[in-house]
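Given these sequences and hints, build the entire structure.
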Amino acid sequence: MLRFLLDRDTWQEVFDSFNKNKLRSILTMVGVWWGILLLIALLGSARGLENSFNRMFGSFATNSVFIWGQSTSKPFKGFQEGRGVNLTLTDAKKIEENVEGIEFVLPRSQQSVTINHGFLSGSFQMAGDYPLLDQLQKKKLIHGRFINQNDIDDRKKIAVISEDTYKQLYEKDEEAIGTYIEINAINFKVVGVFENGNVNMGPSSALHIPFTTFQQIYNKGDRIGWMMITGKPEFNIKQIEEDTKLLLKNLNDIHPEDQRAFGSFNLGKEFAKLTGFLIGMQFLTWFVGIATLIAGVFAIGNILLITVKERTKEIGVRRALGATPYEIKRQIVVEAVFLTLVAGVFGIITGGWILIGLDSAFGQGDDAALVNASVSIAVVFISLIILVILGTLIGLIPAFKATSIKPIEALREE
Amino acid sequence: MLKISQLHKSYKIGDSSLHVLKGIDLAVEEGEMVAIMGSSGSGKSTLLNIIGMLDEADSGEYILDGLPIKNLTEKKAAVYRNKFLGFIFQSFNLINYKNALENVALPLYYQGMKRKERQELALFHLEKVGLSDWAHHLPKELSGGQKQRVAIARALAANPKLLLADEPTGALDTKTSHEIMAFIQHLNDEGKTILMVTHEEDIANMCKRIVRLRDGVIMEDKKVIQERAEQYV
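Just so you know, the protein sequences line up as chains A and B, in that order.
Residue 285 in this note's numbering sits at position 285 of the first sequence, and the numbers go up by one each step.
In this note's numbering, each residue's number is its place in the second sequence (first place is 1) plus 1000.
Bear in mind the hints are in silico, worked out from the structure with no lab data behind them.
Small disclaimer: the values here were computed from a predicted structure and weren't measured.
Quick reminder that beta carbons are idealized off the backbone N, C-alpha and C, glycines included.
Any given hint could turn out to be false.
Stated by the list, open to error - To list a few chain B residues with every Cβ distance to chain A over 12 Å, as calculated:
{"hint": "1", "residue": "E1102"}
{"hint": "2", "residue": "K1114"}
{"hint": "3", "residue": "A1135"}
{"hint": "4", "residue": "H1136"}
{"hint": "5", "residue": "N1205"}
{"hint": "6", "residue": "I1210"}
{"hint": "7", "residue": "D1215"}
{"hint": "8", "residue": "Q1231"}
Stated by the list, open to error - In silico EDC-like links for lysine to aspartate or glutamate, alpha-carbon gap of 20 Å or less:
{"hint": "9", "chain 1": "A", "residue 1": "K232", "chain 2": "A", "residue 2": "D243"}
{"hint": "10", "chain 1": "B", "residue 1": "K1075", "chain 2": "A", "residue 2": "E409"}
{"hint": "11", "chain 1": "B", "residue 1": "K1098", "chain 2": "A", "residue 2": "E327"}
{"hint": "12", "chain 1": "A", "residue 1": "K20", "chain 2": "B", "residue 2": "E1030"}
Here it is as structure tokens:
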């Protein structure tokens, strides 16, 4: 078989029969070309969209849920409904100890503040945070550093501000690190400036100060604003959310069926929806692409069937001259595979061009809709293998048709 | 060389069957040149097809060069055709997108001969039919007589034991027919066994033996004095 494929005559035969009816062969190949072009362009775009989502969420621990206290909606254990619920550090500790599958529990506090720096001032959302935040919600620091454990232990009056905050409080090109800003009339030293994120999950903060400093200044004691809970990757974040709420209700004497005592935002759930959407889109892409491809391959089979009918006499002559049925079939199958493969390769190349075009149209800049729209080499190879298989299968139909006619019938003079 | 005895063949047409060959006995020696004659429907083409292994008899015996031809698979038939038989058709049956040389080389291709050898041998046979200058022309660029000569070269290429010709001059004018016949006679002079189907008396008289068929039986089988075709050319 290999010798046959490497034989110059084999290809001579293929080219001869291609040349014999160029226009028709080319029109036939358009179907397969279009199918594979669609497949490549769609898969590449889907990948670009996925990449762009990943870039948005990449800096985020997506298996997370935010929980905060609201007020009760059911009376319980002698307490009336409408009681305010406050989360505490003790709650956070208990959750970390008792709920299964927890990776981190991160308490946070937040407050609106007024900041002065020189003659410039503004109103901002300030958060008290642990260094851990930098892990769960990656802060890209342009200058300086994020809060560290030392700051927490010593309750240092330092602040990490966002790029936007910096722009509002400082002159252009002014050095911020090491300078002081006045937050609600208390001086804080700026130790870092971070880049504004693409997406803000949960309440956004214009600046962060050490959690312990926040608690002390605002006299919060044990009470915290809200907490971010991250589950281990193998655990279902929805289950963790439920377990946590149940535990919190227990700890705070709240009716187990009280739905309004705690507010929450399940990032994992939202992210799963998005991932599901992406998977659905990829599935659709493969489905459409392969369906188009099959239609194209069928067109090739159909044309070959017509060609075989036209060549009945020629095939009869060949058989009279000593061609075995196997040799005839083999030749027709090779023609089918050749046509599909050439059309496929052209489709891959033009699909690549479309992706290059998409990339230059939609793939540039920070907020690009498609990031690195491309297909992997594996996909290209899989498509080629599918083409060869489909080409072979479809080639078998005209091949068997060709040899089902007896040479004597094929040769009969009309 | 060739021995046929009690050969029967019938075709099914709808519910009835048509008995085409009704017990043919025929023996052909090496070096003979036999014309099979008969009106249409006499079974002459069917006989040639069976001899050419393009069709199979219902019953009877067919021995070619000591080899019984019976229950052949398609593959085996193809190999035997390639090895033992050369075909010449009325309408030449050249492959129209291949040039003369490639057409002649085709049986050698199916023998598995290497490209270079094959082309040399094909060119040698083209030279024998006087068309080496036309080796790279397509059939449509050749005249009818030239086409038939290419077809003869092709039939000879694999050096077959038996040459089968089905109305070889049927599509040619008288002058060209005589040229072709002169050519076939030369091949016979060189020792090639030739079997041809024709319905033209003058062509049949250029053979050495005439077998007449009517309604599926041999009516007459006689040796004739060969009329040389050269005298008409």
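Going through the hints against the structure:
1. Not every CB of chain A lies more than 12 Å from the CB of E1102 (chain B), the least distance being 8 Å, so the non-interface label is violated.
2. The claim that K1114 (chain B) is not at the interface with chain A is violated, since a C-beta of that chain comes within 12 Å of its own (minimum 10 Å).
3. Chain A leaves A1135 (chain B) outside its interface by the beta-carbon criterion, the shortest separation being 16 Å against a cut-off of 12 Å.
4. For H1136 (chain B), the shortest C-beta to C-beta distance to chain A comes to about 14 Å, beyond the 12 Å cut-off, and the non-interface label holds.
5. Non-interface status of N1205 (chain B) relative to chain A is upheld: no Cβ of that chain comes within 12 Å, the nearest being about 24 Å off.
6. No Cβ of chain A comes within 12 Å of the Cβ of I1210 (chain B); the nearest lies about 22 Å off, and the non-interface call holds.
7. Once the 12 Å rule is applied to beta carbons, D1215 (chain B) is consistent with being away from chain A; the minimum gap is 21 Å.
8. Every Cβ of chain A is farther than 12 Å from the Cβ of Q1231 (chain B); the closest lies at roughly 30 Å, confirming the non-interface assignment.
9. Taken as a hint, the K232 (chain A) and D243 (chain A) pair is honoured in the structure, with Cα atoms around 14 Å apart against an allowance of 20 Å.
10. As the CA atoms of K1075 (chain B) and E409 (chain A) are separated by approximately 17 Å, the hinted pair is consistent with the 20 Å bound.
11. A hinted pair counts as satisfied when its Cα atoms are at most 20 Å apart, and K1098 (chain B) with E327 (chain A) qualifies at roughly 18 Å.
12. For the hint pairing K20 (chain A) with E1030 (chain B), the CA-to-CA distance comes to about 42 Å; that exceeds 20 Å, so the pair is violated.
Of the hints listed earlier, those the structure fails to meet are numbers 1, 2, 12, in rising order.
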